[in-house]
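Assemble chain B onto chain A, guided by the hints.
For the protein sequence lines, the chains are A and B, in the order given. With the first letter of the first sequence counted as 1, position 65 gets the number 65 in the working numbering; the numbers rise by one all the way through. With the first letter of the second sequence counted as 1, position 376 gets the number 376 in the working numbering; the numbers rise by one all the way through.
Treat the hints as calculated values from the structure; they're not laboratory data. What you are looking at is a predicted structure, and each value in this text was computed from that prediction instead of being measured. C-beta atoms are modelled at their ideal positions from N, C-alpha and C, and glycine is treated no differently. A couple of the hints might just be wrong.
[As the list claims (entries may be wrong)] Per label pair, the in silico range of CB-to-CB distance:
no.	chain 1	residue 1	chain 2	residue 2	range
1	A	Phe38	B	Val384	40 to 46 Å
2	B	Gly281	A	Phe38	16 to 22 Å
3	A	Lys25	B	Glu230	40 to 46 Å
4	A	Ser83	B	Pro307	42 to 48 Å
5	B	Trp46	A	Glu93	22 to 28 Å
6	B	Leu453	A	Asp89	48 to 54 Å
7	A	Ser83	B	Leu284	21 to 27 Å
8	A	Phe38	B	Trp277	18 to 24 Å
9	A	Phe38	B	Gln221	24 to 30 Å
10	B	Trp46	A	Asp102	34 to 40 Å
[Stated by the list, open to error] Think about it this way: if two alpha-carbon atoms lie no more than 20 Å apart in a straight line, the pair counts; the simulated DMTMM-like pairs of lysine to aspartate or glutamate are:
no.	chain 1	residue 1	chain 2	residue 2
11	B	Lys266	A	Asp89
12	A	Lys87	A	Glu97
13	B	Lys266	A	Glu90
14	B	Lys266	A	Glu93
15	A	Lys23	A	Glu90
16	A	Lys87	B	Asp264
[Said to hold, decoys possible] Partner residues aside, some chain A positions facing chain B, computed with beta carbon under 7 Å:
no.	residue
17	Ser9
18	Thr32
19	Asn53
20	Ala59
21	Ala63
22	Leu77
23	Val95
Chain by chain, the residues run as shown.
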Amino acid sequence: MEERGEYWSRVAQTSAFQDLMQKKKVFIIPATIFFFVFYMGLPVLAGFTTVLNVQVIGALSLAWIYALAQFVMTWTLLHLYVSRANKWDEVVERVREEAASDLGEKREEG
Amino acid sequence: MSTDDIIAVSFFIGVIALTLIITYFAAKRNTGASSHYVAGGQIKGWQNGLAISGDYLSAASFLGIAGAIALEGFAGFYLSVGFLVAYLTVLLLVAEPMRNLGKYTLADMLAARFNARGVRAASALNTIMISTFYMIAQLVGAGALIGLLLPFIPPTMAIILVGVLMTVYVVLGGMIATTWIQIVKAGLLILATLVLTIAVLAQFSFNPFSILNEVQASTPQNMVIPPAPESFGSGLDTVSLFLALVLGTAGLPHILIRFLTVPDAKTARSSIVTATWIIGGFYLLTPIVGYGATLLVGQQTITSQDPSGNVAAPQLAGVIGGPAFLGFISAVAFATIVAVVAGLVISASGAFAHDVYNNIFRNGEASEQEQFRAARIASGAVAVGSILLALAFQDLNVAFLVALAFGVAASANVPVILLTIFWRRFNTIGAITGMLTGFVASVGLTFLSPNILGDAAIYPLEEPPAVFSVPLGFLGCFVGTLLGGKSTEEEEREGRQANYEEIYVRANTGFSTLEEELENSRREGEQEESRA
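Isolated chain A, as found in the complex (with noise of 0.2 Å):
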């Protein structure tokens, strides 16, 4: 067990690795808290005011206008993360080849 984890805590030290959750967490974290806030804004300004009431044009409310905004953000913000995502998938190659050389030194020596 204390000889797997040490492998794992290796690969998870590459540079490869490092920059990885660097670029993951740049986009999540942020992406994350920025839908949740524009998602709750909804039902905080819909069930405690009345400034959504307000209606544009003919009949159409600020509320449906600020309820469509939300599928924009959502495929908006599903294409930004795949497109994402994708190149990540690339630097979890280089993890691979990086770990990979790594611990077959290692083993060499061991």
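Showing chain B alone in chain A's frame:
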């Protein structure tokens, strides 16, 4: 039987025959535990995307949202927004780690880190309860729906009919049949909704704004804006509903196991893209169908048929396209229920056969043959059990059960899934207390709410109590970890918990075991050498 009935019945028989043909072919390929639970991990991205859409566009989405918009207006659209944005939680936080760590069930993913029967048992309990709540709601809904559309079939018969069909699909065809039935059903549902939408728009010179204007002009209450904020409680209830929707999806076992049916994380990703476009496109049409029903069917006619508006969409089809279109929409709604229930049976039976029987009672040592047999027996037992429960509950209003399923998923499953992946100090006791706290809080508050106790309610809100139960679920994880258990390091030394580095790397890269990785890269290296 009138001509109209004959048309409707022909559509029903057509849909049922189609699904049975699919099951026949799938049964030939359903040869082991892996194919039974996760279709051998060989489903393509777009297929899985359609199947996820199918799982998600249950009768509640198709019939429920259209009915809610027809009767309540904008507030009915809350469900559409919540169901869709939930996919961001799934995609950004849960889907890839789940795919990278899991095998057949949600518990497998937690067990990748925690080597403890208690974790598996608590997770299996949650999966079984969530699936059961969801299933009873769908089955009772099927009984009511078919009773309304085809009055010559009594609700009891309808429940048994759905139950027998899903048992056949799941026991014989496993996940392969369930996936293909979802794909076909999703296609039919999208087609039906598109036709219905275009037919409605045609009545309003293809101008969605004029639908809104007419709704505002012709209904007494203003249905194009959110309902007026009544009290602090009603606002909190709306917030709670949104929270349950956006987090609950990421904890629904029958959605999560869909990420295990594909070969890799990239495919899991692309299946979510397909699913999100289909689901979003579908939900964009719900206001047109719902408001269309308000204007063309009329609220009185809708409520006289069903007080909660569940048949507004089929009624609209009847007004626009006559009995043939009504029959088609009804048959699609029926297929929707059967397919969703089949997916639920798979996830519940996986928890029974794979988690409880194989891993808890047999120490994970059951042979492949035994596992496959246990999976099939559990599927049959879960199906029969849920039919009996649905028959027992058929006269109750069970609409709150779907909300309850989302509440439990958000409160009991999501905290533990997130902390397993992201929290280094998490330990076994924390995971178990977190799951149980979330479960007890969400179920307990629901049972103290007006849904069960009526006027005597102790907890006053009607929507899923996520606003309280989700924080309690997280709190259970933290308190359990700090007070009850050994530290992560101790557990790692004793082999009760995998090294966190391992989980961290595997969840983020999809590497399986290190030896395998080394083997793969060595083989690739050799291939390159031999090519050179």
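Can the suggested window of 34 to 40 Å be confirmed for the beta-carbon pair tryptophan 46 of chain B and aspartate 102 of chain A? holds, 38 Å
Can we keep the alanine 63 of chain A interface hint, with Cβ of chain B closer than 7 Å? holds, 5 Å
Does the structure keep lysine 87 of chain A and aspartate 264 of chain B at a Cα separation of 20 Å or less? holds, 15 Å
Holds or violated: lysine 266 of chain B and glutamate 93 of chain A, Cα atoms, limit 20 Å. Roughly 13 Å separates the two Cα atoms, so the pair holds.
Have a go at the leucine 77 of chain A hint: is there a Cβ in chain B nearer than 7 Å to its own Cβ? holds, 6 Å
Can you let me know if the beta-carbon spacing of serine 83 of chain A and proline 307 of chain B is within 42 to 48 Å? holds, 47 Å
For the pair leucine 453 of chain B and aspartate 89 of chain A, does the Cβ-Cβ distance stay inside 48 to 54 Å? With a Cβ separation near 52 Å, leucine 453 of chain B and aspartate 89 of chain A satisfy 48 to 54 Å, so the hint holds.
So does lysine 25 of chain A sit 40 to 46 Å from glutamate 230 of chain B, Cβ to Cβ? Since the Cβ atoms of lysine 25 of chain A and glutamate 230 of chain B sit about 42 Å apart, the hinted range of 40 to 46 Å holds.
Given a hint of 18 to 24 Å, does the C-beta separation of phenylalanine 38 of chain A and tryptophan 277 of chain B actually sit inside it? holds, 20 Å
Could you grab the alpha-carbon distance between lysine 266 of chain B and glutamate 90 of chain A and see if it respects the 20 Å cut-off? holds, 12 Å
Quick check on a hinted range of 40 to 46 Å for phenylalanine 38 of chain A and valine 384 of chain B, using CB atoms only. holds, 45 Å
Take a look at whether the Cβ-Cβ distance between glycine 281 of chain B and phenylalanine 38 of chain A falls inside 16 to 22 Å. holds, 20 Å
In summary, this structure violates none of the numbered hints.
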